[in-house]
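Protein sequence lines correspond, in order, to chains Z and D.
Residue 10 in the numbering used here is what sits at position 10 of the first sequence, and the numbering runs on without skipping anything.
Residue 30 in the numbering used here is what sits at position 30 of the second sequence, and the numbering runs on without skipping anything.
Simulated from the structure, these hints should not be mistaken for lab results.
Honestly, I wouldn't trust all of these hints.
[Claimed, not checked] Keeping only pairs whose Cα atoms sit at most 27 Å apart, straight-line, the calculated DSSO-like set for lysine-lysine is:
no., chain 1, residue 1, chain 2, residue 2
1, Z, K49, Z, K61
2, Z, K101, D, K57
3, Z, K68, Z, K101
4, Z, K61, Z, K101
5, D, K57, Z, K49
6, Z, K101, Z, K49
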Amino acid sequence: AQSVTQPDIHITVSEGASLELRCNYSYGATPYLFWYVQSPGQGLQLLLKYFSGDTLVQGIKGFEAEFKRSQSSFNLRKPSVHWSDAAEYFCAVGAASGTYKYIFGTGTRLKVLA
Amino acid sequence: DAEITQSPRHKITETGRQVTLACHQTWNHNNMFWYRQDLGHGLRLIHYSYGVQDTNKGEVSDGYSVSRSNTEDLPLTLESAASSQTSVYFCASSPGVLYHEQFFGPGTRLTVL
Numbered sequence: 001a002q003s004v005t006q007p008d009i010h011i012t013v014s015e016g017a018s019l020e021l022r023c024n025y026s027y028g029a030t031p032y033l034f035w036y037v038q039s040p041g042q043g044l045q046l047l048l049k050y051f052s053g054d055t056l057v058q059g060i061k062g063f064e065a066e067f068k069r070s071q072s073s074f075n076l077r078k079p080s081v082h083w084s085d086a087a088e089y090f091c092a093v094g095a096a097s098g099t100y101k102y103i104f105g106t107g108t109r110l111k112v113l114a
Numbered sequence: 001d002a003e004i005t006q007s008p009r010h011k012i013t014e015t016g017r018q019v020t021l022a023c024h025q026t027w028n029h030n031n032m033f034w035y036r037q038d039l040g041h042g043l044r045l046i047h048y049s050y051g052v053q054d055t056n057k058g059e060v061s062d063g064y065s066v067s068r069s070n071t072e073d074l075p076l077t078l079e080s081a082a083s084s085q086t087s088v089y090f091c092a093s094s095p096g097v098l099y100h101e102q103f104f105g106p107g108t109r110l111t112v113l
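Model the full structure from these sequences, guided by the hints.
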């Protein structure tokens, strides 16, 4: 069965520091992968997605993610965090077998220190 | 601009009452989904639909029902609200295209007393 693990429930970084949020998935075939961000009281906004091609994917707001098949990972990175990046981040995996459903991770809440 | 809306945004109800949460999208998407968000669980799929008259159960469907009579709307009904159903509910939609992202509504915060 598909699953997604986000090992870090909370992460705190200082403004200007680099950021890496971890996401590990379990799926037998080639998955398609997403990162979403949820600001307080808001819905989810897509940051980036991967389903084939270049394993380094660029997204909005300066975020990028790298798909590593050997490690079953799709970690999200940002070189320099801004205070406005404080939010909750969700990794999701979809199956490439004809279903449109996703499995979401439990989320990582990011706190940014001024 | 196309969008997805949910109403109400906040709702307080009592145990045993029937509650319906509305979801309306103007994207003309075939696929619509209902999730609940709870601390420590992320988003869990309640029900989903791939088109008019099509509905399917997700992983946490007990106590919930949906119906799809047109493309734009997928209302979620709690047949007899329970305190365990206090949560934030999100509706999402996507076109019938593989690998396409889902678009999310702003959410409904439901409290069952």
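query: Does K61 of chain Z lie within 27 Å of K49 of chain Z when you go C-alpha to C-alpha?
result: 14 Å, holds
message: For K101 of chain Z and K57 of chain D, compute the direct alpha-carbon distance and say whether it is at most 27 Å.
response: 11 Å, holds
task: Mind checking the alpha carbons of K61 of chain Z and K101 of chain Z for me, to see if they're no more than 27 Å apart?
output: Holds - the C-alpha atoms of K101 of chain Z and K61 of chain Z are around 26 Å apart, at most 27 Å.
- prompt: Are K68 of chain Z and K101 of chain Z close enough, with their CA atoms no more than 27 Å apart?
  reply: 22 Å, holds
task: Take a quick look at whether K101 of chain Z and K49 of chain Z sit within 27 Å of each other, Cα to Cα.
output: With Cα atoms ~15 Å apart, K101 of chain Z and K49 of chain Z stay inside 27 Å; holds.
Holds or violated: K57 of chain D to K49 of chain Z, with C-alpha atoms at most 27 Å apart: 26 Å, holds
The structure meets every hint from the earlier list without exception.
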